[in-house]
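K.L.:
Here is what each chain is made of, one letter per residue.
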Amino acid sequence: MSTHTHQGHDHAHDGHEHEGMLEDVELSERARRVLAMEELLAEKGVIGASEVQRLIDFQGARSPVDGARVVARAWTDPDYKRRLLADPEAALLELGYPLVGSAKLAVLENTDAVHHLVVCTLCSCYPTSLLGLPPDWYKSFAYRSRAVVDPRGVMREFGLDVGDGVEVRVVDSTADLRYLVLPQRPTGTEGMSEDELIALVTRDSMVGVGVALAPVA
Amino acid sequence: MSGVHDMGGRPNDDPIDQSEHVFSDWERHTHAMVGALREKRIITTDELRRGIESIAPEEYGKLSYYERWAASLETLLVEKGLLAQDEIDARAEALRERWG
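Respectively, the protein sequence lines represent chains R and E. Residue numbering for the first sequence follows the working numbering, starting at 1 and increasing by one per position. Residue numbering for the second sequence follows the working numbering, starting at 1 and increasing by one per position.
By construction, these hints were calculated from the structure, which means they are not laboratory data. Beta carbons are placed, not taken as given, at the ideal position from N, Cα and C, and that holds for glycine. You may find that some hints are simply not true.
Footprint (simulated), chain E over chain R, 3 or more residues, beta carbon under 8 Å [what the hints assert, rightly or not]:
id : region
1  : 39-46
2  : 72-81
3  : 115-126
4  : 152-160
Input sequences plus hints: build the corresponding full structure.
P.N.:
Listed below in structure tokens is the structure:
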């Protein structure tokens, strides 16, 4: 497979210029095939460039901060937490987060007694509307293989040692049901505002390979 | 018999690479195209997965995540008659010449 840089080559911008594509990227054979499909679909009127761009923008707009807002609200408002656990879809809508697609979402609360870890052994199912696109490790063969047989070992690899007295529950996501972990509120955060709390909620704590950050003393 | 994608519990001693991913433009475009085709109900999530899960086992392990998506997308578009295989091949070749 040959790869060349685009930069410096003499080429005509004849209306096929790809908005958002870097000028000097190395274009692999696979990238060329993707762009070929995109051009052909546009020419046939199946999907337009503006539709592709709208979805790229939407992907970029979602991040773990969205999930963190939900968690911080649940920490500060016990009634909201009850609603979130009982009917996640309705509770998320309250904060302006409609679930995208047909998949349902379950929210799993971590406590002193139970710790949840989320995996998708088959592929990459993930609550993208709350956390953005999944990190590579979530999609890696190593994580997908081991999370279900050695969750404590996997979590130790992420620097999280879940005590022997805590039950570990591993949940395997599907295309129809995804999971968000509601991490425990760290101690010493009693007087903190919702915005301050949001900064403590990491992506990894909402997948279960981490816990929420301790407040800076 | 479980397919190659069915990873749960499979022996694997590799450390988990925790480095963060920097998206390539073609990966963003792949994801967005799949999203647009889903919105129009031209393809479904299950079809995309079937396309990924039917990649030959020896190939599956070699492809990156979005390479598997792109391969499945190509399979589905050809299968549905939206694009012809030789049409994609020809355009990809033209892009090679156009972009150098």
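K.L.:
Could you tell me which of the numbered hints above are not met by this structure, giving the numbers in increasing order?
P.N.:
2
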